[in-house]
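K.L.:
Chain by chain, the residues run as shown.
Protein chains: 2
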Amino acid sequence: MKPSLPQGTRDFSHEVVRKRQYIFDTIRQIFERYGFQPLETPAMENIDTLMGKYGQEGDKLIFKILNNGLDNPNKEEKTRQALEDVLEGKWNKQLTERALRYDLTIPFARYVAMNHGSLTFPFKRYQIQPVWRADRPQRGRYREFYQCDCDVVGSSSLLNEVELIHIYDQAFQQLQIGVSIKINNRKILAGLAEVCGGLEQLTDITVAIDKLDKIGLEKVKEELTTRGLSATQIQTIEQYLQIEGSNEDKLLQIEKLLSTSTQALKGIAELRYLLDFTKGSVQSLELDFTLARGLNYYTGTIFEIKASTVKMGSIGGGGRYDDLTGLFGVKDIPGVGISFGIDRIYDVMEELNLFEGKLSPGTEVLFFNLGDSEIKGAYPLIQGLRQAGIRTEVYHESVKFDKQFKYAEKKGIPYVAIVGSEEINEKKITIKHLPSGWQERMDSQDTLLIAEALHTQRQGK
Amino acid sequence: MKPSLPQGTRDFSHEVVRKRQYIFDTIRQIFERYGFQPLETPAMENIDTLMGKYGQEGDKLIFKILNNGLDNPNKEEKTRQALEDVLEGKWNKQLTERALRYDLTIPFARYVAMNHGSLTFPFKRYQIQPVWRADRPQRGRYREFYQCDCDVVGSSSLLNEVELIHIYDQAFQQLQIGVSIKINNRKILAGLAEVCGGLEQLTDITVAIDKLDKIGLEKVKEELTTRGLSATQIQTIEQYLQIEGSNEDKLLQIEKLLSTSTQALKGIAELRYLLDFTKGSVQSLELDFTLARGLNYYTGTIFEIKASTVKMGSIGGGGRYDDLTGLFGVKDIPGVGISFGIDRIYDVMEELNLFEGKLSPGTEVLFFNLGDSEIKGAYPLIQGLRQAGIRTEVYHESVKFDKQFKYAEKKGIPYVAIVGSEEINEKKITIKHLPSGWQERMDSQDTLLIAEALHTQRQGK
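Sequence order for the protein chains is A and B. Going by this note's numbering, the first residue of the first sequence is number 136, and it counts up by one from there. Going by this note's numbering, the first residue of the second sequence is number 136, and it counts up by one from there.
The following block holds chain A by itself, in its conformation from the complex (with noise of 0.2 Å):
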């Protein structure tokens, strides 16, 4: 039997596992600064939780898990007829009670609707961990994938909105990758869609801008057309998608086109106030209009990061939301939260070969094993080294030094260190350098003195 990976998923190996690592540290590191806790809930949640959360496309990609125990006779009759809720598409606990996470905004709202008694609100999370899709894979859409999130609920103050866009600079500062955070507000294309004739028309017109970018102007004014809006109100979303100029300028064009809306204004003077907090202090923060978000449940301020030098989908997003918890039947805790896309970073950053000297390393040492005694007598010293946070290994068997070598070589480690009986004797250790050709015969006493030469070594190169 052939092994293989189910489709969309993926093993990372070490190279890839350090990379993925620098990133989540680097961005855990920043969360914990604006003093985020870490949360982390199960990968399986009750079926309950997730069904209906998503829309009808989402309860479809969700990976249901199979009931265990479904021999035992006496549940035979009820899993036959569950079978046929699932043949029309529906689901039935009787044969699924459990599925997968599908983001990390759901377990974390059945969270805190648990546990809202013993929290302290405002209360702010990250939380990093995979979450599973059944979507079509697809270059760059994984079936399991991670999801890397900071949220703080409980609170309407715009200085969580303000702490979010600091993150995000922050840390796109920290991973060298330029970006423009863009940013709206939800208020505002609700006051568009209520000058345009009502805010019953705010998911037609919010769905025909979110795909601006993909489609164009004049698709996006067909797609308004087909959705019955009319030429005078596909021209006032015309103009409003064609602001331009810098920041203030867009502020002051839109509040000419919507002064007329209360919701509107609201809206620009939340932006207006998060511009003057930030002013000089983030590297971009740029108002863009045509930003709206796909979801539903976003109801005022609405982020996206695009990178600046590499073509790419949006690599982060998030928004202000009015209730989180109301689903689980827990009112009136409205709350902010931003989200890194992992994988997509992981793609700008090795693009821009930015991973380069930032990695964590793999083994520094290899002890040439030139025989069982050798090796004893050789091991307090590699234990030392080891003690001092070198990262050593020993060859497994006595080979010939040609095999050794080659082992060095093609796991790329630096040294290689021999200690044969006459280095025991004399209390001596010979190191070598691979890349460079650098070697020395060191006094094998001090091994924090090895270790440093080791270092200074490294950093020389």
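Just so you know, these hints were derived from the structure itself, not from any lab. Hints are not guaranteed to be accurate.
Any copy will do: because identical chains look the same in the list, a pair fits if it lies in one copy or spans two.
Simulated pairs of lysine-lysine, DSBU-like, Cα-Cα distance not exceeding 35 Å [claimed, not checked]:
(1) LYS466 / LYS546
(2) LYS228 / LYS188
(3) LYS563 / LYS545
(4) LYS225 / LYS466
(5) LYS154 / LYS493
(6) LYS538 / LYS401
(7) LYS228 / LYS195
(8) LYS546 / LYS154
(9) LYS346 / LYS195
Starting from the structure of chain A, add chain B where the hints point.
P.N.:
Relative to chain A, chain B alone:
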């Protein structure tokens, strides 16, 4: 709808995440110092990869994932047929093509089999990831839990065992858990079976001996009788189980008892090699001939870890196997591996109060909110502290100090910082250490100096 968690699964709040992280980080660091490299595999595997690897009982405990798209009318007939299999306790890919991994060993074997052409052997990997089992949940047994494994494959050298023994020793020293590393060799158990009358009784003997801890000698003898062993045979086994004394004493006794078995003598020689090599360099390596390990695939050295001062099952285990990847069509890859029982290690550390003073902190300073312009004025200072590595929060709204103090207390934030308009004008900051009442008005311009003061105060506590 009142939300809940699936039975046997857990949310990890930030306190628990930090404690678990401490354990993971400690063990990971040791793995890396010994030249082991990280590997991550997906949560889902093809069902063929998992089924049939863990015995019939294991197969039942594997969580299987329902295929998506079962509402496709073209598949209806086959899906109905597939359900018949499931009702009989079998599985069928028409209904479930994927399953959640049950341990880390089989996915590792699958990975090695898929990539053996490009890997450098001996291949040393560690893996720290969750696994899922549909076991009946009980105290200390979960349906989602982490495993933490390291393995060397592609080498029969006993030097690997030497290294793994040191990894165990150093990891538990670092965690400050006193342990006994128990060691035995499957060849000795095979020799016992041989001496007793036949290798075909190896499994019967192993299974019975494995229960010694739980049921005691008399019951083990009863079980051996039931399994068809004669009184003479049982007498030999009893002698075997009663071997006592120092490691050297035990070796001499076992050599006498099993002197007619070349298998046993080989196992004894291996144990002697390991004891000699590690003499004086590990704290407690203890020969234990009653150690059997349940799993069938072990063929040489076997390990088990017991905490010295806490009553608890084993907190680690492992052993040598001859053939990792044979099941996947790749022959002749022997190896040896060990595993750390994270959940039990956690419980031991809680019981012994070993986490104290070792965890990375939560928020260190809370900036009080005295109003919007005050926060704006203090923001560069706040950002400076974060840059200096201080975990800093800003209270989200300008309310009475009472409420802000309560937030700091509830969250266990040790410092509060007050920057009012007066402080801004005079470039000052007032810092108060809540646990001690220490308070100081400092110059606000040198953030590094402030950061240092916070650290000093924290350590001076």
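K.L.:
Hints first: check each against the structure and report whether it holds.
P.N.:
Hint check results:
| no. | hint | result |
| --- | --- | --- |
| 1 | LYS466 / LYS546 | between (56 Å within a copy, 23 Å between copies) |
| 2 | LYS228 / LYS188 | both (17 Å within a copy, 28 Å between copies) |
| 3 | LYS563 / LYS545 | within (27 Å within a copy, 58 Å between copies) |
| 4 | LYS225 / LYS466 | within (29 Å within a copy, 45 Å between copies) |
| 5 | LYS154 / LYS493 | both (9 Å within a copy, 27 Å between copies) |
| 6 | LYS538 / LYS401 | between (72 Å within a copy, 28 Å between copies) |
| 7 | LYS228 / LYS195 | both (15 Å within a copy, 19 Å between copies) |
| 8 | LYS546 / LYS154 | both (17 Å within a copy, 33 Å between copies) |
| 9 | LYS346 / LYS195 | within (23 Å within a copy, 47 Å between copies) |
Of the numbered hints given earlier, the model fails none.
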